[in-house]
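Following the hints, put chain B in place on chain A, whose structure we already have.
Here is how the chains run, residue by residue.
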Amino acid sequence: MATPVLDKVEAESAASPYITVTMRIRRFNPEISDASVWEDFQIEIDPKERVLDALHKIKWDVDGTLTFRRSCAHGICGSDAMRINGKNRLACKTLIKDINPEKPITVEAIKGLTVLKDLVVDMEPFFQAYRDVMPFLVTKGNEPTRERLQTAEDRERFDDTTKCILCAACTSSCPVFWNDGQYFGPAAIVNAHRFIFDSRDEAGEQRLEILNDKDGVWRCRTTFNCTDACPRGIEVTKAIQEVKRALITRRF
Amino acid sequence: MKIHKYDTVIVGAGGAGMRAAIESTKRSRTAVLTKLYPTRSHTGAAQGGMAAALANVEEDNWEWHTFDTVKGGDYLVDQDAAEILAKEAIDAVLDLEKMGLPFNRTPNGTIDQRRFGGHSRNHGEAPVRRSCYAADRTGHMILQTLYQNCVKEGVEFFNEFYVLDQLLVEEDGVKKSAGVVAYELATGEIHVFQAKAVIYASGGTGKFFKVTSNAHTLTGDGQAACYRRGLPLEDMEFFQFHPTGIWRMGILLTEGARGEGGILRNKDGERFMEKYAPVMKDLASRDVVSRSIYTEIREGRGCGPEGDHVYLDLTHLPPEQLDAKLPDITEFARTYLGIEPYTDPIPIQPTAHYAMGGIPTNVEGEVLSDNTTVVPGLYAAGEVACVSVHGANRLGTNSLLDINVFGKRSGIAAAEYSAKADFVELPEDPASLVVSTIEKLRNSTGSERVADLRRELQETMDANVMVFRTEQTIKTAVEKIAELRERYENVSIQDKGKRFNTDLLEAIELGNLLELAEVMAVSALARKESRGGHYREDYPNRDDVNFMRHTMAYREVGEDGSETVRLDYKPVVQTRYQPMERKY
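Protein sequences appear in the order of chains A and B.
The first sequence: position 143 = 143 (the UniProt record's numbering), numbered continuously.
The second sequence: position 500 = 500 (the UniProt record's numbering), numbered continuously.
I should point out that these hints are in silico values taken from the structure, not numbers from a laboratory.
Idealized CB from N, CA, C, for every residue including glycine.
Please note that the accuracy of each hint is not assured.
Partial list, computed: chain B residues near chain A (C-beta under 10 Å) [claimed, not checked]:
| id | residue |
| --- | --- |
| 1 | Met-99 |
| 2 | Leu-101 |
| 3 | Arg-137 |
| 4 | Arg-271 |
| 5 | Tyr-336 |
| 6 | Pro-345 |
| 7 | Asp-503 |
Pulled out of the complex, with its shape left as it was, chain B reads as follows:
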């Protein structure tokens, strides 16, 4: 076991982690731990753009953006945070441009902007061009630009280091962060990173679904590390299903395709979104569009022999426009489906895309241990966190924005904290939990296999807690997850070695997914209303009287060692906007 000492440790090197690192490296001795190489992070898969009311191509302002974000999140958004997001969006985009990001340009040389779902002029009048973009590679450009600037600033990376435990120590009755424990993939060695401040920026949990746009590596490691140490997870029942994933594969096809004029059609060729969202049509918010797609499918208007998908039609757009604005997604259609988007519509279905919930933080990125108490020295930003700027449903282009605004804020806040704070003394035997987890898996002779359990988990999640949910389906999922967790105790791996043991890491990742799936399902069961991405067929309306509140889920361990999810609730911060009926 090796012990390292840094002022600030950042867990994850996607957009949020690297944006934080650029700030914190200037101010404190910083280490970035990532289980991949930085440029492999899933920020790079984001396509359509980053929202900011630059007003480069038409009238726009941050207040309209704030409203759209709050409405898009079905009023579960903390409005003070949404206002910061929309206001600081403008500088966040300009910062990236100055760092070198090659945005598409307008004829007069400014950053070009395009339409995106849920973004409107003057509180819902019509779609507005707010998304700043670089073809359909905006995430790739952000990830590359941030990495380039990390190289420029000399950010210190520990590549292929898996953070498996968060060290919390009670000092004077206050729970503080003391550091993290990591596993080095290349050698199998355990490393303890003692740090005054730790920032989680480790991304989402999408791999508990089968059809997902998420990378294999999005297994909720940061959320699980904090949750296991008694910290709450907020709003985990809210998961976004992106309307346009490649049929059966789940690969993302950007909403920018509809922003450029693409249209969703059912088997009769009908532009069905006109029925569900007369003003915004195909550019309604993602939860609305995904439900509409499944409604079409359920009512027998789906495409294909099994009627299980609909079409994204780009055939009316000029090939030059597709080549210039949507080169990657058209190539995906050619590569994976053998379809030519110039002439043929693309089969799509909703795909599990984004966790609105996560580790609760305030607007400085400080992690909360209950509704109000800050954990000194602990921060989170990006998809792993819940500020909450996305509420019950995130708007497209607001996540690339979120990672930049709150990545920067948490990087500054953490570095400023570590400049004045002392190291918290490490607990005795700090790596004990990680060592015992690893040894148990390595020595297990059990008969269960990781791949089988993961497959069953993904199938039950897709079948029971996806776009449409009922008490019955959620209960089925809860029971299945409990069974899988029990069987997980009996899981074994084949690779017993030290070097690059990805067999071992996949087993650990599955443990994280199972734990988080349970939190999600239990949170969803208790929310007896429909709001944003959480749609209950047995409670189809939003219920502001009983459920205008964030869910806070805690891990409780009984005296017999049994584990349960305890739910509590936190009020929503409302400033400017009163909840209204949500129409697009």
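This is chain A alone, in the form it adopts within the complex:
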């Protein structure tokens, strides 16, 4: 019996897809120390797996104190935005093979929001900016008995900005936001855009006034970091430009 079993093991190891990867993670736990430190973990992983899988391997098999947020694990819930090799991405949408696994892969919390522990940041200022732009449909007059009508073309007008999952990858990649947390940030503007350009909505003027504020759209310096960072492929900078243009022309 022994020989065939060995053969099988050998055959499997020959075809093993696993590689060794160094995960270099910025750790911070204020219960232990006020300073954050880089810590390396070597793990075996199939390069077709996600960075989130790598973090789970560490948490589940090596160090249970490693702390990060995650839920759906396929890029829909927006929990696991982090800075991976210096770029904002979702850990669950980034495959190991796509980020040069021969070198250590660095993972740290997104910037511009207070780090609470390891990769977990305080999301409250981010959601406050979102709430401040009136992110909901406002209509006047009597409601129709059936649905409001909207042409496919009008629906398409704001389609791109409906895709936002509020992961904060864009806002926390923005140099203006890093320097001044008072700036609404790209995500809030995207969500204002979603309603400003919705033909059913009647509060566009109010939202534009909110974004005309000194901490509003005019702070944007068009660096396109946000567009590069968006895991949903939203043309964030374009949406911000459209809001700026609407402020000038008052047409939307």
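For chain B alone, kept in the frame of chain A given last:
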């Protein structure tokens, strides 16, 4: 320990929780407790649509929808509830549109509709276009729209608060809800929420399977909190396996892909569903399609070197149609498989998707403590609940519908109850169970690890209580779960801190999964028939004489502290439809 007082407390902020919150906040002082942030909830992962007989694109009516729901559930559906679901579907969709949901539109500007599994015209004649949708992001749009309206209504959220215990107090011989106990993730602090009414809307239990479409966070916390306090769980043996999960990963690829014309093929390129469901073909109900896929695989017609999957073929559909109607799932194929769906078929396998069973409720969302008795002040809605509108197998698009119809109903019912009810006095030391659970885990020096036990649980569930079950496989699972539960007593965690201790929470979640897995397996063992999502190879036929009844599982604790699952049964409500042989 902090004590809070609210009229109404909602546990969970997915579709059902937020739909309830919009109603209850208008009527009572409401707090919503969620272990995530609201927009992280798994409603956002739903793709294909929400059923309602709007008849915007072809003839349709709610009675046909009711029939399809009852037939889809293999006649285990409570028909009075299914009728409410189908009737109120129309307003539920229109409500969402008025709240701002960006549905896809028809050329004349009304809400567009598409085909979906099991939904038919005139009692099974042909597929009907009943699913209202927003590309393949309908769940995302529902979650965002409901959150937007919660912001508008000023709903009060407690984010990253884990509800770990349900407080029940006996008053005048009646068991009543007094509130819940929650753990604050950021600080490790315990919070007691005293409330006149509590609504559970905390979602499903899919993480006891390995290949699943469910989020890491779907660990049955609400079901476990109620079950541990002696409340029953209904029909837990019925779990849905969605036919099209990404091979090995389980990520959902919507049935809307087949609604748009996608076809399932085996290794010979054969459209095999024609053999199993001559009328509805690829759009038969999910239990039928999942069994057909595994039959193909077992008979050697699976794809790949190991023959362990089949293909979802979209290559004959125009790229413009894929971009417009299925942008997300085509992107998943590109991201996770490196496959271009324009030109290549996508490898898929069935994936554990949805719990038909859960906390038993009536049609107002009131939780039952046995077959008929209501627990005053306790409600449940959505996947955590069992009304039962899904019976033995849920139809696609009926869950986004369920969370809206019964979320709204329970939100109204709970707020109206709390307007006239008094607070129930908290028990002495209300947080004692939670404190002892946490302290035990934090202080344990045991040698077992959470990740190992969870892996073993998921493997045994996948191997033994998935699409095909037999007495032997289920018994294997029952024994394995018992062993794991014993080993769980010896589990320890590495993170002993207070702040963001997700190590601790994962251990607690595993405890919930183990408890619920046991209920599921024991319920499945006793159901010696095949019905909907529960297929017994040793009893391949439906048995209406002996099993046309809901399973009610109770936790029994012996004098020696030993725990067992006691099973009882509840009649099915039948109104219009007599059980018939189920063909698609």
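Structure-based check of each hint:
With 10 Å as the threshold, the beta carbon of Met-99 (chain B) comes within range of chain A, its nearest partner Cβ sitting at about 6 Å, so the hint holds. With its C-beta approaching chain A no nearer than about 9 Å, Leu-101 (chain B) sits inside the 10 Å limit, and its interface hint holds. A distance limit of 10 Å between C-beta atoms decides the matter here; for Arg-137 (chain B) the minimum to chain A is near 7 Å, and the interface restraint holds. Interface hint status for Arg-271 (chain B): violated, as the beta-carbon distance to the closest one in chain A is roughly 28 Å, over 10 Å.
Proximity of Tyr-336 (chain B) to chain A holds as hinted, the smallest CB-CB distance being about 7 Å (cut-off 10 Å). Checking Pro-345 (chain B) against chain A: minimum C-beta separation of about 19 Å lies over 10 Å; hint violated. At about 4 Å, the closest approach between the beta carbon of Asp-503 (chain B) and any beta carbon in chain A falls short of 10 Å, and the interface hint on this residue holds.
Going down the numbered hints, you'll see the structure goes against 4, 6, while the others check out.
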